[in-house]
Amino acid sequence: VRASAGHLQIVESALRPRRRPRLVALKEPARRLSRWLSEGERRLSLLLLAIIGASGWLHASRSAARRVIIRPVARLAVSARLIDEAEKSSLFPALNSSDIAFDVLTARKSSSVSARPVLNDLALLPPALRKIGVKWLEDQSHLRDELPRTVYNGLVDEPATAGTERLDFMLLLIQRIATGFSDPQAMGLLQSLWTLSSAMPNPYDRSSLNLSASNALIHLIATRPEVESKFIEDCKNYRGNDRRLALDLLARTVRRRGVASSKSFLKLNAAIDMSHHETDRFASIADVAQRTAARSSERTRRPEGSLVGRSMSRLGVAVTIAYAPIAVVAVLWATDLRSPLIDKLPFAEIPLEVSLALLALIATLNVFTVQLSTTRLPATVARVSGQPWQLAGAYSSAIVLVATTALAPEDPPPLWQLLEVALMVSSFAWLGGALARIFRRTDAAEACKDYVDRYIHRWNSAGKRFGTEQWRAAQLSRGIEALPFANIGSGEILGHDVVRIEAAARGLFVPNHRNLRRSLADGFFEHGGFLQFAVGFGRVVPMGDTVAWMRPPAGQRVQDRLFRRLTKGLRPRGASDVENVSTQAITLSSFALETAKLGDTRLAETIAEQASMIVSSHMSCIRRQRAKLHGSIETPLQFDEQNALTYPVTPVLRDIISLVVARAGESERVGGVADILVARCLTATGPSEQTPIILASLLSSAGPNSLGPERFASWLRQAGIRALAMESDIGFGMATQELGKLASKGGQEAVIALRSLAALSAASMRLRPSQFRISWSEVSDWTSSNLESIESVRVPLHVGSAAMESGSFTAALACVRSLRTPAQRLTLQKLTDHEHVFIEARLAEATGLYLSQVPTDALERFRDFAASVVPAAT
Amino acid sequence: MTHIPVSSENPGHVEVTPEHRVTSAEVLDQLSREVSSPKKAERALYVRIGHYDQPGFLNPLLFGFWIMPLLLSDEAPLSVPGLEQLGMAWAEDELREWVPPEELRRLISEPGVKVHSPNESTEERPSLWACVLNTSIESQIESTLISLAMLIERQELVVNTRQTSVAVLPDEAARVDGETIKLIGDEVRSNGWVSATRAIRARAEAAGCSIHVEYRNPLMELHEARARMPLTRHVYNTLPGAKEFIDRIVNSLTQGWAIAGPVPEQLLQRTRDMLDGAGIPSLIAHCVRDAFVCGVGVLYIGSVPLRDPWLLRPEEVEEFDGNSATQVIDGKKEVIRPVVAMQGASQLDSSVALSLLEPLVLNAANRDLFLQILLNTRIVKKVGSSLPPQVRQWAETTEPLAIGQLTAFAKSDHVFHPATLKLPPLSKELYSAGFELMEPAVSRLSVGQ
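Residue numbers (the numbering used here), protein chains in the order written: chain A, 1 to 874; chain B, 875 to 1323.
These aren't lab readings, by the way, just hints derived from the structure by calculation. A portion of the hints provided could be inaccurate.
Below are the EDC-like pairs computed for lysine to aspartate or glutamate, each with C-alpha atoms no more than 20 Å apart in a straight line [what the hints assert, rightly or not]: (1) B:K1207 to B:E1189; (2) A:K88 to B:E1208; (3) B:K1207 to A:E87.
Sample of chain B residues lacking proximity to chain A, with all beta carbon distances greater than 12 Å (derived) [to be verified]: (4) E1027; (5) P1104; (6) R1211; (7) P1298.
Everything numeric in this text was worked out from a predicted model, so none of it was measured. Backbone N, C-alpha and C fix where the C-beta goes; we use that ideal spot for every residue, glycine too.
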């Protein structure tokens, strides 16, 4: 059946390859250059503006000079980024009409001696200039003393006549000069600012003053203690909307206090009786939790092994092997080179037997050393360690020597005997070198290092190829998802008419793009045929596994031609190089674990480091390649978002982690080595690898008993923290959930799990505040069912103190709320009294919580906060 | 014995990739051409299909809906016979269970708005089918075909059952709908959608009408979208559940912000202080509500810190991007920047954004209708004996129907994403005092000619 043109178009729209030429690689350097240039331009413009301001001729002949200079000044102001390009047009009238615009732009000292006219002039400038004007006014030292009085008069005595612009401007100024008011002035301002900010707001009104007034009020309260205490008193008398607004404003003053914010928060909480709901709102507004996101989450480290080193070592081996045959050719060619000195030297002729014996000796030694290494080292490592490159030199010289003795010319050239002797000596020298090398490599750590050095390039290039395949797979699966008659999913289709397509060989399942496009464009799919892929693209499939099902339209059967074509297109690609990386990493890791089991921890750790190097180098090649290809993708202009691609799991990562999880419980020493591998796997990978999720799910199926609750919890904690850093909420959720399960077992295990959960809660406050409630809900689940345990008080105490110190007052409030019974509150008092508070501080430190520089103070602050909060029951 | 996982078994928000958009448009374009009748019959149905891209807050099982264009924007206030004698206070008391008094007063005494029913279409004014882009293409095809088939079936039903009783009409309609869903679904799955289009065309011919479908984006131009803002505000203000749904999302999107980013922490702190100081959290709540209810919400922030930021009225916004917006007041254009702009649902090939409540306009109109019916039946009951027996009979049979429908509307949250019900509860003071309901809104919606 032929397909219609419409069907072809549908397939084409989903599966058209979208690539852009490689020019993208130049984009980043170009952007950096232009940023550097524009920064230079900005500085130069600022300098020129300052020069114009400093040279007195601006005011000398006003009208003439001004007309000349308006344009340059405006242009400089734009290129100095003082003024936005779009607001340039509003600049000309301002520069035309007033001196003050020039003064502000060129940072000149004001010629006026009184603050009032300056204020009036500034308030009339366009908004963009007014913003700079505030800063400029701050620098006018001769007006500074007068400003508070002027602003006070303007706001308190004559607000009605001031006009909106002037009011705005003065409200903004209060933030800069709040310390300059006298006490009565400050009190007077408090009244008038409160009147302004508590007026009924209209969000659609262009000229409302509520928010600027509240802002000014907050500054005033935060800088003047006497105003603050007056406002707190007032606040107690307010009702309804006014009280809510006043509490909000007070909560916002807490945030202005920096490191003292927890003290201020505590003070306000104790001073004002707040209801349950009010406390919640107060804490959430006072919350200072906002955190710097990890900038380098997608950055990759450099792969190991440099290109120069690699080519140098190849060249070295080539020279070592080739110089002996070249010497023979040179001697044969240089027939007329004769030196009396050489003639006199008594060279013995070397018989064929000797040269053969030499060759045999080398071979025997080679076999012997390899055999020797194999008994101690894994086979692949042994092969490398038993055959240093010097051996190649020895073989080369010995074989050439055999050739020269066996096939000596009738009339040997003058240097022939010298050559034979030299070959013999060099052969021995190489052999000696090789033996020295081999003896050094009897150290297993050295052997492993040599092994990794030799093959790292191969593994890197495997990573590069795999990265390309993964990217292609992700692209292709998006196209397939968009088609109505094809689907990717594990749901099995069964039926008499359904045809199964199986993998023709073991390998990486990435369908051939062109073949797939042609196959899907067949009329078969237009009339009800359906193709379901059973395996996600980019996975390694074993031979004979089902990769797809094909269902024909009702009453038809699948044509052989189409079936053959699809089978061919869906043939997995060879993945031996990728799987080899996995095998080698596993070999080295299990060797390291084996060594640790025998007792040599240092050696085991060195080997584990080598194994982890394979993983990290391979992974970074994969990630770099994917990032490079993703940068080259063409996105049509109308779709401006960059959808992140999801990539399949990388085999080496999964294999290493599952090995380590399976064996870490064998002994304490093995566990220590496993720690190194896990830590490296977590740090070497980015968000798209989802390592925390892999680790957490493998740990979940292994269970805490297989590797001991301590290590189980510690790994989950590491996974959780890494998940926070990479913004993977699912990973974090899985880690905390597992810890919650561990906690529910009770006994010592619960304590271990709670410590980890406490650490995760504290980390989430600093790294990703939105995730706090996820980890905290696991803690509170446990505490609510173990109310009488001392841990049900201790964990909230520790986490709550850490929360207060990091300014996460919502989190601190949640901790307080989890102390429900009077007995718990009593325990809290006891834990923080003079005798116990030092022990608690130590314990918190051991858990991995940071409680500021004086931990005992932090604990006591939390206790006081808990005392000031109304218990939930009342 | 064939099992294919269909979309309904595998719900979830589909990620809209560029491939997905291009292919969706292509497929629906093909579909519209395939399903259209070659010749115009006496009775012709005109349908226009367009894509509606919802931002993920609506139920992922919402595959599409009919949009009803405005028919009459100034319908006269209701005249309810018998109400003058009984008085407004009586009516308010009688219907207190179903509608707040203030709303009932507006419903009766203020002019209303009439919209087209999907069953009436002309060549100039086709019925509009909005196909939700965020569903898999299989479901887009299936749901669009089913809705077209239903349109034809319902026409049939209306023509054939003129004489039968109105009371059984809902049951009859439900039966026909069920049959159509099954029929079209099976056809699509076993013979492909192209074959299903032929079946629909044939069905239309058998029913003596022709169907003319066109795929064209956008669903609404700017002036149309603007004219609908009072309608969707009415949905927000009156339809039970709608306000709570929007407010919950607004609450979780705009309150309790924690700012994070790859810059020094001090800068983040200062940024948040500036945002809070400028009252952005409460203004952004208004802005997001405008966006979800009216399609577009724009907040001007260029005056910070000199002056308070303020909101642009959605009706005045002509176009906007991430950084600037064009405001039109009395025909005068002004470019405003910088702004924070939000949009509700978007359309393909157009920057005009639509309301998230658009799928609920029909519900709100029906609720208004049943409120009127209920009021009438109550009046009949009260006045009682002086009326002819047919009228009393009508009131007897219709009241349970109206109550049943109103009960259904009172908990109609199936259009929203189930996850929104799990969002944290509202903090009471989300919006400025006096702006809890949205204005200007229409007072009453009615459907049909």
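Hint check results:
1. B:K1207 to B:E1189: Cα-Cα ~13 Å, so holds.
2. A:K88 to B:E1208: Holds, at about 16 Å.
3. B:K1207 to A:E87: The given pair, whose Cα atoms are some 16 Å apart, holds under the 20 Å limit.
4. E1027: holds, 23 Å
5. P1104: holds, 16 Å
6. R1211: violated, 6 Å
7. P1298: The claim is violated: B:P1298 sits with its nearest Cβ about 9 Å from chain A, within 12 Å.
In summary, the structure is inconsistent with hints 6 and 7 from the numbered list given earlier, while agreeing with the others.
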